[in-house]
Amino acid sequence: MSIPASVSPKPVSETLRPLIPAFAGLSRFRRASRRRGVPWIPIFIITVMVSMALFAPLLAPYSPIDQTLRDKLIPPFWVEGGSMQYLLGTDAFGRDILSRLIYGARVSLLVALLALIAGGGVGLLVGIVAGYVGGAVDHVLMRLVDAAFTFPAILFALLLSVTMGQGLGTLVLAISLLLWASFARVLRGEVLALKQRDFVALAKVRGCSSARIMLTHILPNVLNTFMVLVTLNIGAVIIAEASLSFLGAGIPPPTPTWGGMISDGRGRIAEAWWVALIPGIAITLLVLSVNVFGDWLRDRLDPRLRQL
Amino acid sequence: MSIAEQGVAIAEAPSDDIVLDVRDLQTYFFLRRGIVKAVDGVSFALRRGEVLGLVGESGCGKSLTALSIMRLLPKGSARTIHGEVLLNGEDILEKTPNEMREIRGRKISMILQDPQTSLNPVFTIGEQLREAIFRRTRGRTREVMREAVAALRRVDIAAPEQRLGQFPHQMSGGMKQRVVGAISISGRPEVLIADEPTTALDVTIQLQYLKLLKRLQEETRMAILFITHDFGVVARMCDRVAVMYAGRIVECGPVDQVFDNPSHPYTQALIASVPKMTGSTERLYTIEGQPPSLMDLPVGCRFAPRCPYADQRCLAAYPPSFTVGAEHTADCWRMTAA
Amino acid sequence: MKRYIVYRMLQGVVLLCMVATIVFFLGRLTGNPVDLMLPEDATAEDRVSMIKALGLDGPLHEQFLIFVNNALHGDLGTSIRMRQPAVEAFFDRLPNTLAIIPWALLMAMVIGIPLGVIAALNRGNMIDRAAGSVAVLGIAMPSFWLGILLIYVFSVELGWLPSGRMGGPAHYVLPVITLGAFLVAGFMRLIRSSMLEVMESEFVKLARIKGMSEAVVVWKHCLRNALIPVLTLWGVFVGNLITGAIVTETVFAWPGVGRLTYEAVIFRDFPLLQAVIILKAVLILSINLFVDILYAYVDPRIRLA
Chain A
1 MSIPASVSPK PVSETLRPLI PAFAGLSRFR RASRRRGVPW IPIFIITVMV
51 SMALFAPLLA PYSPIDQTLR DKLIPPFWVE GGSMQYLLGT DAFGRDILSR
101 LIYGARVSLL VALLALIAGG GVGLLVGIVA GYVGGAVDHV LMRLVDAAFT
151 FPAILFALLL SVTMGQGLGT LVLAISLLLW ASFARVLRGE VLALKQRDFV
201 ALAKVRGCSS ARIMLTHILP NVLNTFMVLV TLNIGAVIIA EASLSFLGAG
251 IPPPTPTWGG MISDGRGRIA EAWWVALIPG IAITLLVLSV NVFGDWLRDR
301 LDPRLRQL
Chain B
1 MSIAEQGVAI AEAPSDDIVL DVRDLQTYFF LRRGIVKAVD GVSFALRRGE
51 VLGLVGESGC GKSLTALSIM RLLPKGSART IHGEVLLNGE DILEKTPNEM
101 REIRGRKISM ILQDPQTSLN PVFTIGEQLR EAIFRRTRGR TREVMREAVA
151 ALRRVDIAAP EQRLGQFPHQ MSGGMKQRVV GAISISGRPE VLIADEPTTA
201 LDVTIQLQYL KLLKRLQEET RMAILFITHD FGVVARMCDR VAVMYAGRIV
251 ECGPVDQVFD NPSHPYTQAL IASVPKMTGS TERLYTIEGQ PPSLMDLPVG
301 CRFAPRCPYA DQRCLAAYPP SFTVGAEHTA DCWRMTAA
Chain C
1 MKRYIVYRML QGVVLLCMVA TIVFFLGRLT GNPVDLMLPE DATAEDRVSM
51 IKALGLDGPL HEQFLIFVNN ALHGDLGTSI RMRQPAVEAF FDRLPNTLAI
101 IPWALLMAMV IGIPLGVIAA LNRGNMIDRA AGSVAVLGIA MPSFWLGILL
151 IYVFSVELGW LPSGRMGGPA HYVLPVITLG AFLVAGFMRL IRSSMLEVME
201 SEFVKLARIK GMSEAVVVWK HCLRNALIPV LTLWGVFVGN LITGAIVTET
251 VFAWPGVGRL TYEAVIFRDF PLLQAVIILK AVLILSINLF VDILYAYVDP
301 RIRLA
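Protein chains in written order, with my numbering: chain A, 1 to 308; chain B, 1 to 338; chain C, 1 to 305.
I should point out that these hints are in silico values taken from the structure, not numbers from a laboratory.
Check before you lean on any hint, since a few could be wrong.
Stated by the list, open to error - Just so you have them, the derived chain C footprint on chain B, three or more residues with Cβ under 8 Å:
id, stretch
1, 64-76
2, 129-140
3, 180-194
4, 207-215
What the hints assert, rightly or not - If we take Cβ atoms under 8 Å as the criterion, some of the chain C residues that face chain B in the derived model are:
id, residue
5, S193
6, E197
7, S201
8, F203
9, L206
10, I209
11, K210
12, S213
13, R224
14, N225
15, D299
16, R301
To be verified - Within a straight-line C-alpha distance of at most 20 Å, the following computed PhoX-like cross-link-like pairs (lysine-lysine) qualify:
id, chain 1, residue 1, chain 2, residue 2
17, B, K214, B, K107
18, C, K205, C, K220
19, B, K75, B, K95
20, B, K95, B, K107
21, C, K205, B, K75
22, C, K220, B, K107
23, B, K95, C, K2
Owing to the predicted nature of the structure, the values given are computational and were not obtained by experimental measurement.
Cβ coordinates follow ideal geometry from the N, Cα and C atoms, glycine included.
Please construct the entire structure, taking both the sequences and the accompanying hints into account.
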């Protein structure tokens, strides 16, 4: 009887090189099945808001700043007492809410754009350097990231608005503080994985400098993730901007901001709900749209980021 | 080595009393891209007190067969669409989920592959054992704990009283797998499915664990369905063996018969690829090619594309089971002559 | 375990020093902080005497030492508006904030956790999608606006609940919902995704093999593990609550530290704001430390490491 006498040191499967192609594709399938269709409605809403911001002077029926006290607190057209003259009504100073809303989109989107470039850029830099250089640099940078996560950036933002004065620059700086850490953390993880890849080793063998490898090999490979992070964070930035404006730490009046409009209207909620509630609808719609769009984009480009 | 020792265990004739009878089991994955026929018509019977080996490459459907029997298929796309699983003559595929829950652990149980992940990291060993024992006895805490200590002692764990208060991460892999074993058999099941229980263990501990399983089996007379990819382990553990390839059992018979007279070319290849301990340093035998995609199976014999003996007949139709010897069958057209 | 706690405490102290340093230097970013600290009607003599008192005529590092020394003695300056030590003002208001935060947290747990579990169990079907939509909406709504919306609906239109200020239990309802709503969505999403991960694991299979009931498998074996990521993110949640309290208390005229922060901002009360921020850092760090200990209790791998 030729029974092999001992537990074989090497599993049979290894020598047989087993593989079932069907199962190899299983996880890919799961992802694919969750893939949703193109979110047309959010894309439409985003397009409308962006056009509002871009072409505000052309679209707005009135000046967002000039006061017409005679026409103050007129309700929207569908409410009794409203008129087609002011579609969404007017505020306590007789300013047209629709026009202010249109101009307010400018502030929201401009701040979002600048803060994402600044905060995201810093996060990108920190993430790549920490991940690629490693060692003590990584350790120090990541402790900073941890610290930033623990301590709410909004508080620093408020402090900045008092010490530096209100304005676009302060606001962008404040919101960047909010962003950089989460960008850095995710991108660092990404870089750590990339560092192990052959093309990086090859570049090292060829004698490329670290800076060059980071710029030409690492950076292009994390751009996808970076873009996904940017889209996923637009919503948070818009809400942060609105919150700061609401708290009186945003762009100072009379420039119309959505958060500021809500703040103006909240004292008169009983007699003129539209002043405070309508801008909130705009914020919610925009944030909802960019979030749904961001989720979709993440699933398309980088499903591994699902945990974010 | 200890062939003689094993001979004794094998010689003890198992009774004809069948505990578990699996008939034409089919478990498929229904994916958007197509149907993966992972288990495609598996039939076998397990006698009381017997150890049946289920051998095959990973991915041939062994584990899925086990999960189909336990009715613990991964949620979602996998479903058992056909077949019967008779436990003491009753089809457990027909049971309600609640009835099935009563059966699991008490009538039929299972040891999973990886001890590192089989135990819940946030509960003590004692708690995880207690749950299982309490379910059966409904006894007072002190009695349950006494029984838990006995259960650990039975799987050779030293100082069981202290171990009860420990968490899984405080134990070695081999010890964890013994705890898993203790938990799995704490409901005194009639059938135990062991799904590659030693694959994740160090080689030195593997043998120890196999001996333990064998001893427990002899003590309790439970039947074991032993899933492995390792023919060496089959020789050590099993009374009979079933060889599985691409979702079907291609050969089944008493271990010594299958080893002496492997009739399916796939079985022959598997046995040839086990490194022998005879000292020769000949090249390891490997099988050319890869198993077929389970989504697009050939009409004929599934092994035909890799089989050195394949002819027209093999490509045209799947062979029936031919009797090769006493209780020994093989699905291969070449057996027509025999 | 002891070493772990000591380590976390040290980390907290380092972080606190960082916050204090940043606050100190931000105050000097735009010149002499005296200009930020003095009331608008202050005279030139006031200015000079304050510079003397705070040692602001000395070099920067000396100023910093004075600042640290004062801070260690519990002196973080005097509020301009309230003419009261800032630390005192903070602790006067703190109980009011602590009166709503636990309720908001409780609401988030009681609603968010079961909702996340139920969504995970119903993965992909209508219930999951409905829960997901609620969560997405909850995240998209700025909480200050939600608060105003709630006031409009429940106070103005229906007249069921008071619209603000402290008072009996009814006064708590809207602020707590507003503060908790954001967390509900976060908890739900997090629990859902970690439940999905845990439910695939082998130990869950073993629990089923043992014949445990579905309820025990889900609510004991799965949930206990799924809670771990929630605890690791606790620090972020606490931060969210503290900042969330600023807008919530502002909307509901709730006299807590959040409202105090808002007042410090709109009245440009720099000494007060500086104190509030440093004390909030202390608050956040102590809660984090507490949670770390709790975390160690839930996850034995840390407790016994």
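Here's how the hints hold up against the structure:
1. 64-76: holds (count 4)
2. 129-140: With 3 residues closer than 8 Å to chain C, the stretch 129-140 of chain B meets the three-residue bar; holds.
3. 180-194: The restraint on the stretch 180-194 of chain B holds, since 5 of its residues have a Cβ under 8 Å from chain C and three suffice.
4. 207-215: With 0 residues close enough to chain C, the hint is violated.
5. S193: With Cβ-Cβ at 16 Å, over 8 Å, it is violated.
6. E197: Hint on E197 (chain C): violated, closest Cβ of chain B at ~12 Å, above 8 Å.
7. S201: holds (6 Å)
8. F203: holds (4 Å)
9. L206: Result: holds, 5 Å to nearest chain B Cβ.
10. I209: Holds: closest Cβ of chain B sits about 5 Å from I209 (chain C), inside 8 Å.
11. K210: Because about 4 Å separates K210 (chain C) from the closest Cβ in chain B, which is inside the 8 Å limit, the hint holds.
12. S213: holds (6 Å)
13. R224: Holds, because the Cβ-Cβ distance from R224 (chain C) to chain B comes to roughly 5 Å (cut-off 8 Å).
14. N225: Check passed: Cβ of N225 (chain C) comes within 6 Å of chain B, closer than 8 Å.
15. D299: holds (6 Å)
16. R301: Holds, because the Cβ-Cβ distance from R301 (chain C) to chain B comes to roughly 5 Å (cut-off 8 Å).
17. B:K214 x B:K107: holds (19 Å)
18. C:K205 x C:K220: holds (13 Å)
19. B:K75 x B:K95: holds (18 Å)
20. B:K95 x B:K107: holds (13 Å)
21. C:K205 x B:K75: holds (11 Å)
22. C:K220 x B:K107: Roughly 24 Å between the alpha carbons, so the hint for K220 (chain C) and K107 (chain B) is violated.
23. B:K95 x C:K2: Outside the cut-off at roughly 52 Å; violated.
Consistency with the previously given hints fails for numbers 4, 5, 6, 22 and 23, ordered from lowest to highest.
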